[in-house]
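Chains as they are written, first to last, in the numbering used here: chain A, 128 to 290; chain B, 56 to 339; chain C, 24 to 822.
These are calculated hints, taken from the structure and not from any lab test. Just so it is clear, CB atoms sit at the ideal spot from N, CA and C, and this is done for glycine as well. Take these hints with a grain of salt, some might be off.
Below, a list of computed lysine to any residue pairs in the SDA-like style, where the Cα atoms sit at most 25 Å apart [unchecked claim]:
1. C:Lys672 - A:Glu251
2. C:Lys34 - A:Pro129
3. C:Lys140 - B:Thr60
4. C:Lys672 - B:Asp314
5. C:Lys140 - B:Ala105
6. C:Lys34 - A:Glu279
7. C:Lys672 - B:Asp62
8. C:Lys684 - C:Asp544
9. C:Lys675 - A:Glu254
10. C:Lys34 - A:Arg216
11. C:Lys675 - B:Thr244
12. C:Lys672 - A:Pro245
13. C:Lys82 - B:Thr60
14. C:Lys82 - B:Asp62
15. C:Lys584 - C:Asn718
16. C:Lys81 - B:Gln151
17. C:Lys672 - A:Ser248
Simulated restraints, written as ranges between beta carbons of each label pair [claimed, not checked]:
18. A:Pro245 - C:Ser31: 48 to 56 Å
19. A:Pro245 - B:Leu141: 22 to 30 Å
20. B:Thr196 - C:Glu98: 56 to 64 Å
Chain residues, written in single-letter form:
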Amino acid sequence: MPRIRVEVDGATYEDDVEPRLLLVHYLRERLGKVGTPVGCDTSNCGACTVLLDGMSVKSCSVLAVQADGRDVTTVEGLGVDGTTHPMQRAFHEEHALQCGYCTPGMIMASLDLLRENPDPSEEEVREGLEGNLCRCTGYQNIVKAVRRAASEMREPAGREVTP
Amino acid sequence: MIPATFDYVRPASLDDAVRALSDAGEDAKVLAGGQSLMPLLRLRLAVPDALIDLDRIEGLREIRDTGDAIVIGAMATHHQVIRDPLVRAHLPLIAQATQTVADPAVRHRGTFGGSLAHADPAGDLPAVASALDAVFLVRSTRGDREIPASEFFVDWMTSAMEPDELLVGVRVPKLGAGWGVHYEKFHRTAQAWAIVGVACAVRRDGDGIEDARVALTNMGPAPVRAGAVETAIRGGPASQDAIRAAAAQAPAGTEPPTDLHGSSEYRAHLATVLTARALTAAAG
Amino acid sequence: MTTQEVGSPRKRSEDARLITGRTRWTDNMTPAGTLHVAFLRSPHAHARITGVDTSQAKKSPGVVAVFSGRDLAEEQGALPCAWVVTEDMKHPDHPPMAVNEVRYVGEPVACVVDRDKAAAVDALEEIDVDYEPLPAVVDMEAALAEGADLVHDDLGTNKSYTWVFENGDLDAAMRDAPVVIERRYVQQRLIPTAMEPRSVLCVPEGDEFTLYSATQIPHILRLMLAMVTGIPEHRIRVVAPDVGGGFGSKLQVYGEEVLALLLARRLGRPVKWTETRSEGNMTVHHGRDQIQRLTLAAERDGRIRGLKVDLLADMGAYLMLVTPGIPLLGAFMFNGIYKMDALSFTCTGVFTTKVPTDAYRGAGRPEATFAIERMMDELAAELDIDPIEVRRRNWIKHEEFPYETIAGLTYDSGNYEAATDKALELFGYDKLRAEQADRRERQDPVQLGIGVSTFTEMCGLAPSRVLGSLSYGAGGWEHASVRVLASGKIEVITGASAHGQGHETAWAQITADRLGVPFEDVKVLHGDTAISHKGMDTYGSRSLAVGGVALFSACEKVVDKARKVAAHLLEASEQDLEFTGGRFSVRGVEQEGKTLQEVALAAFLAHDLPDGIEPSLDSEVTFDPENFSFPHGTHLCAAEVDTETGMVKIRKYVAVDDVGKVVNPLIVEGQVHGGLAQGIAQALYEEAVYDAEGNLTTTTMADYLIPSAMDLPTFTTDRTETPATSNPMGVKGVGEAGTIASTPAVVNAIVDALRPHGVTDVPMPCTPERVWRALRAESRPAATEPGAGGGLGSAGGDQ
């Protein structure tokens, strides 16, 4: 069984894993990181989206062995010292979630979008989130939330920073 | 779902990879970005004995200029291809079509070579490779060989590569000055596969069209180079009438499938409409 | 602080755990010793099981047990149907795991219990099942033909029931009316697709069991599990932890839930099962699937005389919890918001070899609303009257409420004029009509259509006596209790079971206002039968209109009890006390007072209470509504239709809804958005497709097309507010309104765009190919183009 070393949300883990173990199952079942849910088996829904070395991936379509030596950020790794990330806050403020099942993936995909495009138009947000399905919100408030977070992340306390 | 068990090999070099593939036999699969393979594994529609993961092989993601062509490393990700300055400068059709592939997260992992080797006729890149006369660079323990796009796509999800052969890269001739390009994709939802797609490059000569390349996505078990359209448009005027007349040839020689998202008959119709739109856009 | 909460856009308290991944989904829980279950499922639509050999699978390492249906036949009982709609309804036995025969692809035939989830799936491959294939029964109309193959041999027919409702002299209406329009519409089969797949975990403790499930109905599920398994109700605790959407699909008693309980009992260890999406698409109950034959009779001025409705409803292979009743929830809605002289409704339930149908967002009302709103547009076209105008001539005027409809319901309130006027203004109706005319004139390949839907629906299920008259197997009340803690903090316990609706926020808002306490001082508990001992759960847009009203009354009871204690403490008479801002004071002596917190502490200490007063301010109310609630609204859709490809793009969508008094406008707007998305998805994208052999071909999200952010427009939503008069809060349901209203608005827009081309219908979902075929059916007669003639019905779905 291959041995992997992965950094997840700031902690380092070393584990023997079956090659067939999916990253999302490794996160959920081995590390107890159940904040990242599974919504489909064809990489369509995006509920399991995490950042792998800073870029969004669907963790159901990556093997745990492929994450060896890499850095994973899940929704549980956002925010520091009990505070929430501006993206999380924006989802709350704009009522961008109902059942909340798609929310972790939606938030991670949105962060990836802003990494490349700090000021996306409505159309660009919709395109950036095309790989994340939501069944409750009709997306309208999600789009608003991402643009709100973008605005706040561009100018926290009135100064420009990179998200 | 959970994939069936398999052995996992992660070679550090191309030589190791080729050797591993040769050793593993016919029931091994190459793992590139995994974005097509992983769902198949999870649904247990693919049950390989071994996966040979190309992820950590140095140099396979490189995109380089060889003068009259660009060579795109097989493991270059879609994300990388879309942003690559060489691709954008010399092969904008590839950048444009790749932008329509799946979604951002999938494009971060999915690879140019992987998509082509998968040889899914509903995929967007095979038609593009066909339109651009790409050449596939493959390697095995038996040596290297080059396969032109016209011979690479053999059948539904079947390429001309032998089981022990590995796609190393794809050499795509630069189009040069004067060419306009367009990829016209038609699908029901953003995530859905193309019902039909048209990859198109046109070289204008004043009011006329000097040359054109047209290839079709999902109009048969393999991408279809629309030779009849190219012949009809070449040397003619860049008028809507001429474009429409040429585009009417698009279904010639195709075997469009009938599936959940469209009938064969409808696809044939779409091919004419979309080819006209693609030609118009490319002729700019 | 007081009187400000209800009506304010309070941000949801649920969000804190959902945005941080600290959520408690059922699949997140894996107690020590948990065993994992995997199901082997039928690959056949219909077959006799002639043998199941589990011996090899039992030898796989890690496998704790393997069971076939036969192994469990003695104890597994039958899955319940709580709605026997007619006395002679055919109701086949429905074992949780198939024993002798399978009747849909995906029906469970055996299961493996293993310490490891992956190994359980591996071991399924070691089970050998012998099948003797039987004919699939896929088409409803064919299923009713003489000599058709039977789904259930012993029933002797594929017909489950025929249910009839008639009022007024329909024959006279049809005979006398100068205009008679006949149409046939198909409500395609849909897969509800809640984002959270089903999951169940059963933890045994001696002869008691705690069952966690991704369910909408913990209370009903507990009772049903007791009835099916014989385990006494008080030995079963059902918990619906965080539940990721339901849309009706989790209003069910699933075989897997029963089997998890039985396996936990047999094995004495926690047992867990979570479905995969492709497994779920095959086995979660589906929605809709009706063929509607409609005949509308009207006068030349557009006034409707009568409507005849003849439905075939696909039950699938078995009758599940409320399968046969779903179409009947629409029976009383085919008349919509209109006055007419006669209505005749006939529904026949049909068995096929497909997964059973049951509730899906709207449940019966979307089908009815689609039918009448499509017919209104057809009538407008036939008479060459504007579709808004033809509706105005028929709808119930605001001064006519309460109004008893031809279907026998009493609509308590409404103002269709106000909602429509507002919608027209927001939409820019006249301007878009002008653009439409211009595009027609120019023969633009992209045509513009405008679709209208003026709808109402019956929700807030439901007055128990009405349910009784429909032979439904339960009441429609809801329960609430309020616990006033010693510190003055409040716990609210509701029988509603939220799975995304935001009850924790809205219920706290109601409580804060009624008790005059800060919003933050209220905690809402739900979804656990050990805590919320009584409830009827969440579906049918009932939670606020029934459960919220129960809470409203329970708060009143608390105040009444507290008033007695406060009067004693203040040495005043109860009549002299007023209660404002959470404080009792003696009228005219404002400085003399006791806060609810002080009264709560006094009740807790109980040192000084008046005689005969119990030391508690807690209260309970079980509320049974006197009527349904009738939200209504006007939806307008502008759609661009590419006549060359058939592609439809929604250009503008305006929804003005009237859901009565609003507790939280943020939540209401969110519900409308989500409802619109699902209604639009039925119109344009979604369809569960079975092939001729009864195989589901849309098992994954790659084939069953859920719209993404790219596929939906930005909606313009607004409200009018006509309070319901049938409950003290004036509230109506909102959960299903958007879904119910939007489907016909979209299809009406598409047909409106193409009407000059002779198109009178496009079957749903209106795929590009179907739109294209509808156009072609006109321009190229069938005789010259073999294969194209039957275009309307032949595309997509049968491939």
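Going down the list of hints, with the structure as the test:
The hinted pair formed by Lys672 (chain C) and Glu251 (chain A) meets the criterion: a straight-line CA distance of about 18 Å does not exceed 25 Å. As the CA atoms of Lys34 (chain C) and Pro129 (chain A) are separated by approximately 46 Å, the hinted pair breaks the 25 Å bound. Pair hint Lys140 (chain C) plus Thr60 (chain B) holds up; C-alpha atoms about 13 Å apart against a cutoff of 25 Å. For the proposed pair Lys672 (chain C) and Asp314 (chain B), the alpha carbon gap of about 23 Å is at most 25 Å, so the pair holds.
For the suggested pair Lys140 (chain C) and Ala105 (chain B), the alpha carbons sit about 21 Å apart, so the restraint of at most 25 Å is met. Note on Lys34 (chain C) and Glu279 (chain A): the hinted pairing holds, with a Cα-Cα distance of about 18 Å set against a maximum of 25 Å. Between Lys672 (chain C) and Asp62 (chain B) the alpha-carbon distance is near 47 Å, which puts this suggested pair outside the 25 Å criterion. Between Lys684 (chain C) and Asp544 (chain C), the direct Cα distance comes to roughly 24 Å. Compliance with the 25 Å bound is thereby established for this hinted pair.
Straight-line distance between C-alpha atoms of Lys675 (chain C) and Glu254 (chain A) comes to about 19 Å, which keeps the hinted pair within the 25 Å bound. Of the supplied pair hints, the one linking Lys34 (chain C) and Arg216 (chain A) holds, its CA atoms being roughly 11 Å apart against a limit of 25 Å. Distance check on the hinted pair: Lys675 (chain C) and Thr244 (chain B) sit about 18 Å apart at the alpha-carbon level, within 25 Å; holds. The hinted pair formed by Lys672 (chain C) and Pro245 (chain A) fails the criterion: a straight-line CA distance of about 28 Å is larger than 25 Å.
A C-alpha spacing of about 18 Å is found between Lys82 (chain C) and Thr60 (chain B), which places the hinted pair at or below 25 Å, so the restraint holds. Between Lys82 (chain C) and Asp62 (chain B) the alpha-carbon distance is near 23 Å, which keeps this suggested pair within the 25 Å criterion. A distance of roughly 61 Å separates the Cα atoms of Lys584 (chain C) and Asn718 (chain C); the hinted pair therefore is violated under the 25 Å criterion. For the given pair, Lys81 (chain C) sits about 54 Å from Gln151 (chain B) by alpha-carbon distance, which is inconsistent with the 25 Å threshold.
For a cut-off of 25 Å, the pair hint linking Lys672 (chain C) to Ser248 (chain A) stands: about 20 Å separates their Cα positions. Pro245 (chain A) and Ser31 (chain C) have their C-beta atoms about 33 Å apart, which leaves the hinted 48 to 56 Å range violated. Taken as a hint, the range 22 to 30 Å holds for the pair Pro245 (chain A) and Leu141 (chain B), whose Cβ atoms sit roughly 26 Å apart. A hinted range of 56 to 64 Å for the beta carbons of Thr196 (chain B) and Glu98 (chain C) is consistent with their spacing of about 60 Å.
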